[in-house]
Amino acid sequence: MANLRPVPAAREFDLAKDSLRDLNLFLHRHAVEQGVSQIRVRNPDGAHSIACGLNADLDVHIHGHVGYYAAGMNKHASVTIHGNAGPGAGENMMSGRVHIKGFASTAAGASAHGGLLVIDGDASLRCGISLKGADIVVGGSVGSFSAFMAQAGRIVICGDAEDALGDSLYEAVIYVRGKVRSLGADARFEPMTDTDRASLRGLLAAAGQPHEPGEFKRVASAKSLYHWNADANQEY
Amino acid sequence: MGGLQREESAGFDRHTIDYIQRAAATGLYEIRGLGAKRRVPNFDDLLFLAASLSRYPLEGYRERCATKTVLGTRFASRPIELAIPITVAGMSFGALSARVKDALGRAATEVGTSTTTGDGGMTAEERAASKTLVYQCLPSRYGFNPDDVRRADAIEIVIGQGAKPGGGGMLLGQKVNPRVARMRTLPEGVDQRSASRHPDWTGPDDLVIKIKELREITDWEKPIYVKVGATRVFNDVKLAVHAGADVIVVDGMQGGTAATQTVFIEHVGIPTLAALRQAVDALDDLNMRGTVQLVISGGIRSGADVAKALAMGADAVAIGQGVLVALGCNSDTYVADGRHISAADEYTQLGTAPGFCHHCHTGKCPVGITTQDPVLELRLEPAVGAKRLKNYLKTLNMELTTIARACGKQDVHHLEKEDLVALTVEAAAMAGVPLAGTSWIPGQPGR
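Chains A and B, in that order, are what the protein sequence lines are. The first sequence lines up with residues 1 to 236 when you count with the working numbering. The second sequence lines up with residues 1 to 447 when you count with the working numbering.
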């Protein structure tokens, strides 16, 4: 009877032998057609654009380090990178989950509109730049200009932040646990509310981070740049 | 004796005095719409030689003269095929109303050409109305999403804009209505800043990888354009080719904008004429003419301009301001229920008059084009706008083919630089064609 149990359809790609094009084409078109939802990728060897543009409820595991734009523009899928990620990981993602078990390079989660990006290690410069509604949880620290011009969404930084955190923020909110070297233009610390703590607790749980919301500070926009001429000394 | 002295200063003329006094009164630089108002060398400074004893013309409007234009043949499996080499330039929903985007799509579709989105994303209206729609990927990424990437017919990565290369963009709060705010994920009424740098790549080496990502997402089907504002055009075009662009769009300094600083519009970038020649030189230098297509924009107005651009080496042109004027921008009237209604009062309220208006940034367009105001936007009826634009594009194409026939060409893409001469030394130097009546091309050895 054990043989009759449904087995999740799985497929493995070895990028030492299979091409990136074949992998992405499979993820875009054939996986759903063939009822395959579990995909394992071996030997990524820093290849760029792995698993970008996904548009289905797939569970993709990449074993190794990836180059630029891994899981870029993701929608619906869950992509786990068992290694480090190059620039732009999860850029412009719309939904789903991207989990980087190692470190992330620059611009992780850039302009992401939705979904959850988890980075267990550190993230480099401009993490969450131009964020448009997604959530990002960084287990380690982030580089300078993180959350630059971030419009909406939440960024959780369990470690420290380098210079110019939250420069030119719009409505995105940052929760930072460690030291902040400097805040960017128009960013300011604000008191944590009960809503913040509840929201943060959910994000930490979703990302598997063991910290308590009470350890974090909130950074948001002072909104003094919302109108470009607000400080103008007009005669009339 | 006793009469008024009216000796105007060349350095401190009335325009300059007005500028200084306005700056002193407000402490703000001026922001406005449309393009450069100063005169710079342009296509008017070129003339066609046409047929003569040494060239054989085609017969007026009767003989066939092909205008089919194909863009994106380098890597894309589905290049863009257009009936004419005249396209509608990228203009945003936000700067323009959804009704205008609808009108642009209808007209472009009727004449067999493409239209282009802009900052703020793709509206359902323009996608539905446009048979061929180019989807811009801008630094702000406002409204940019993979569903629309897949819905688009081509992707245009915007590096810069002729009116404001390096300057990013602005959409003042009065135009950020609920729908615009929602599409751009911004608070309603905020003065919106469009970033000047892309968020996820920083230079030409990165651009190579970014383009490949977009190709992977689109399964290598859709052409990838790269648009640059005209500054260091020779180098930029070569870098864009190396980055893997299928099509390069070069936007000269006369190109328009919905809102930017006047100091940018008038003082940054180079004229379209010079930019085009540099772009063609770059493609020639790489032996990429015909492999990578070139679209030129920035102040293209007439069929003569189009013909000259093609003769200099462009594969197509893109038009923004001319398109808006065709819709009724700067008209005395707007059309409602088939009647022309004066918009004079609204121009007066803006402190301007038809023919001079550049107040797109205010969102109070008297003829309902560059507005999000629910009352004003009704002044542009999509069907009326589409008809006018269709007529304009048809006229340009007729003028283009008329000139091409007179030059003996059965295909407008056969127009060539040898068909042109320049009226001024400056234009001759910039365009790289001889001064009329001479064989002299300034700056070229042996001439």
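Think of the hints as simulated: they come from the structure by calculation, not from any bench. Backbone N, C-alpha and C define an ideal beta-carbon position, used for all residues, glycine too. Do not rely on the hints blindly, as some may be mistaken.
To be verified - Covered stretches of chain A (chain B as the covering partner; in silico rule of three or more C-beta atoms under 8 Å from a C-beta of chain B):
hint: 1; stretch: 31–41
hint: 2; stretch: 47–55
hint: 3; stretch: 72–80
hint: 4; stretch: 135–147
hint: 5; stretch: 177–183
hint: 6; stretch: 195–202
Comparing the hints with the structure gives:
With a cut-off of 8 Å between beta carbons, the stretch 31–41 of chain A has 0 residues touching chain B; three or more are needed, and the interface restraint is violated. Counting residues of the stretch 47–55 of chain A whose beta carbon lies closer than 8 Å to any beta carbon of chain B gives 5, which meets the minimum of three for the stated coverage. Evaluation of the coverage hint for the stretch 72–80 of chain A: fulfilled, as 3 residues show C-beta separations to chain B shorter than 8 Å, against a requirement of three. Taking a C-beta to C-beta cut-off of 8 Å, the stretch 135–147 of chain A contributes 0 residues in contact with chain B, too few for the three needed, and the coverage statement is violated.
By the rule of at least three residues with a Cβ nearer than 8 Å to a Cβ of chain B, the coverage given for the stretch 177–183 of chain A is violated, with 0 such residues. Note: the stretch 195–202 of chain A has 0 residues with beta-carbon separation from chain B under 8 Å; the three-residue rule is not met and the coverage is violated.
In summary, the structure is inconsistent with hints 1, 4, 5, 6 from the numbered list given earlier, while agreeing with the others.
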